[in-house]
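The listed protein sequences derive, respectively, from chains A and B. Under the numbering used here, the first sequence has 136 at position 136, and the numbering climbs by one with no breaks. Under the numbering used here, the second sequence has 156 at position 156, and the numbering climbs by one with no breaks.
A hint or two may mislead.
Stated by the list, open to error - What follows is a list of derived Cβ distance ranges for each label pair:
no.: 1; chain 1: A; residue 1: T53; chain 2: B; residue 2: P82; range: 21 to 31 Å
no.: 2; chain 1: A; residue 1: A176; chain 2: B; residue 2: L141; range: 56 to 66 Å
no.: 3; chain 1: B; residue 1: G34; chain 2: A; residue 2: A44; range: 52 to 62 Å
no.: 4; chain 1: A; residue 1: P134; chain 2: B; residue 2: K133; range: 49 to 59 Å
no.: 5; chain 1: A; residue 1: L38; chain 2: B; residue 2: S53; range: 38 to 48 Å
Simulated from the structure, these hints should not be mistaken for lab results. Because the structure is a prediction, the values reported are computed rather than measured. We put the CB at the ideal spot given by N, CA and C, even for glycine.
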Amino acid sequence: MTDKSNSYNKSLLNDAGTRSLVFQIVLLAIVVFVGYYLFSNLQANLANRGISTGFSFLNEPAGFPVLIHLIEYTESNSYGRAFLVALINTFVISFLGIALATVIGVIMGLARLSNNWLVARLATVYIETLRNLPLLLQMFFWYFAVLAALPAPKNSFIFADFFLNKRGIYSPNPIAQDGFGIVVTGFFLSIAAAIALIVWAKKRQTRTGMTFPAYWASLGLIIVVTFLALAVSGFPIEFDLPQKSRFNVTGGMVLPPEFVAVLVALSTYTGAFIAEIVRAGILSVNWGQTEAARSLGLKDSLTQRLIVLPQALRVIIPPLTSQYLNLAKNSSLGAAIAYPELVAVVMGTTLNQTGQAIETIGLCMLVYGTLSLSISMFMNWYNKKMSLMER
Amino acid sequence: MKSNVGKLLSTAAVAATLSTAASAATLDDVKAKGFIQCGVSQGVPGFSNADASGNWTGIDVDACRAVAAAVFNDAQAVKFTPLSAKERFTALQSGEIDILSRNTTWTYTRDNSLGIDFTAVNFYDGQGFMARKDLGITSALELDGATVCTEQGTTTELNMADFFRKHNLSYVPVVVQKADEAVAAYASGRCDVFTTDKSGLAAQRSKLADPNDHIILDETISKEPLGPAVRHGDNQWKDIVTWAMFVQVNAEEMGITSKNVATIKKETTDPGILRLLGAEGDMGSQLGLSSDWAYNIISKVGNYGEVFEANVGPSTPVGLPRGINNLWTEGGIMYAPPVR
């Protein structure tokens, strides 16, 4: 050993940066080693006990039916396909729930701030009731008390070709015929035109200050163009009509009570929380802002839309994100009332038929993790977009 | 969901800690803790059901009590864990329970891929359908287009699918997480028929508002041999649970009941009975038990016929006929290997 190398060692030992780096590497190594040890141990023990492992079961035929499937699915399809069906059901209920809960929340939040005594009180009663009852109880209420009180299939309410009974709402099912492509093309072209119109209107307003009712105009544009396309192609749609059969109404499209109960329960429950968030957001905007807007001569609706709401959103968005995440995760409660979402199909039936708890629960955790992180990322992006730009 | 995640974690923890003791002797563990942890249903009258004061009864409960009587000479040395259909196998795999006795069907896949072993059949069952009488149907083959309610996570779900596919009938499946809510959905009119094992149908019908408004259709669409299961790899424990059941069947065949077992042990000269009751030789040591292990089962729990009559027989609310569960000598298929 020379003096030189000694001093080299010493300086490294005393260097705070190097030391913390070493500690972090050691810690990481320990974490990785413990993780690997647990994983290999788990594998060995599962094998010892004769418990099957791996994801090969996803290719095996599932053999069980699923009530609601938006893609083609029969009993002879694979577990993987059943997983996909359940995944779609979870996504659909989450996104519809989020949309509906937002609408309900905004309306109820504004209603609670209303100057009309009755409207404000009704909104208060709604919020306090739904917020304080367990969600599972509300699902049972909608499913077993409200929807089960509808008439039996024999005595369905019938309106034109629509049937309503305790098995669901049945409506004619449109089936596209030859030439429907023209309608689809027309629809998408009109949407493109509508977007162009809105962009143009915005630019013109920035330039000249003149307003143009772009949203109404584009809505009209889409309707007119689509209808024209339908007329030109000779209405290429046929309807599969629901009909009474021995036990049920068959044919047509059906909205089963399980779906309705879960959607209504999720959106009204979360809507009550969102209402309070909206109210808090609006109250957080200083009254002086409204007075200032009025003194500039803005109408009440414009004051709300251009002055109050953009500022309120900064307060609203972060807690709103939490509510969206809650809703997506709460959709798993649908399993209790036979809505075939992820927990019901994968952690229920698939887990029980294959016995592969670790794989199926792992899959579910992955899906909920991904779903929640995507919602979170989207809302963070939106939050950034809406945050106050200081000039 | 929560409990399942818990089970996953306990599976992982158990797997991580027991590296070499994967096939640890359950008998030693059970003796050390002084009781048997028995996994049962969340309430199926006649099979495993808790009364208002928390006392469990049923033939699945008695299967565990028989083992407790054999090991501890005390039929009450059992603690019960109510499990849903989908929790049950994980609970057994992870070591949370020692015996799974929860009207569970013995199937190929379950026996071979779940890391569990079935022991013996304590009830031969088959799946059937229950329908409202006013529908006017008499056969399951008339169910084309019907809506069917069932509980999730059972062989029932697959049998139902197989039955409708085989006969090319259309149907709407409503699969509910728990049995109680599945029956509630049927009772509310969401479904035309409710399907599960026939014993379960009889039990559930006895709980409906007006049992006479519902009929159980004649067809039996599957074989459902129900019985207790244990963890794979512990042969001694598996043998104990298996033979606890066989002893009860043999006792019925020999006419030994809980009431006359003491007298018979004193008075009989039949070598077969003397062997069974431990008055001659020591059969118990082969299982690591005392010589009077079979005597204790019969005196504390009873023979198979007594257990059947007390829990699901015609005089009970479940009211099932003995049927194929009768002894082979009486026209049924209950048959146990001899104790010798």
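P134 (chain A) versus K133 (chain B) beta-carbon gap, inside 49 to 59 Å or not: Between P134 (chain A) and K133 (chain B), where Cβ atoms are some 36 Å apart, the hint is violated.
G34 (chain B) versus A44 (chain A) beta-carbon gap, inside 52 to 62 Å or not: 31 Å Cβ-Cβ, so the 52 to 62 Å window is violated.
Consistency of beta-carbon spacing, P82 (chain B) to T53 (chain A), with hint 21 to 31 Å: Once the Cβ atoms are compared, 28 Å apart, the range 21 to 31 Å for P82 (chain B) and T53 (chain A) holds.
Verdict for L38 (chain A), S53 (chain B) (Cβ pair) under range 38 to 48 Å: holds (43 Å)
Consistency of beta-carbon spacing, L141 (chain B) to A176 (chain A), with hint 56 to 66 Å: The hinted range 56 to 66 Å is violated for A176 (chain A) and L141 (chain B), with Cβ atoms some 36 Å apart.
In summary, the structure is inconsistent with hints 2, 3, 4 from the numbered list given earlier, while agreeing with the others.
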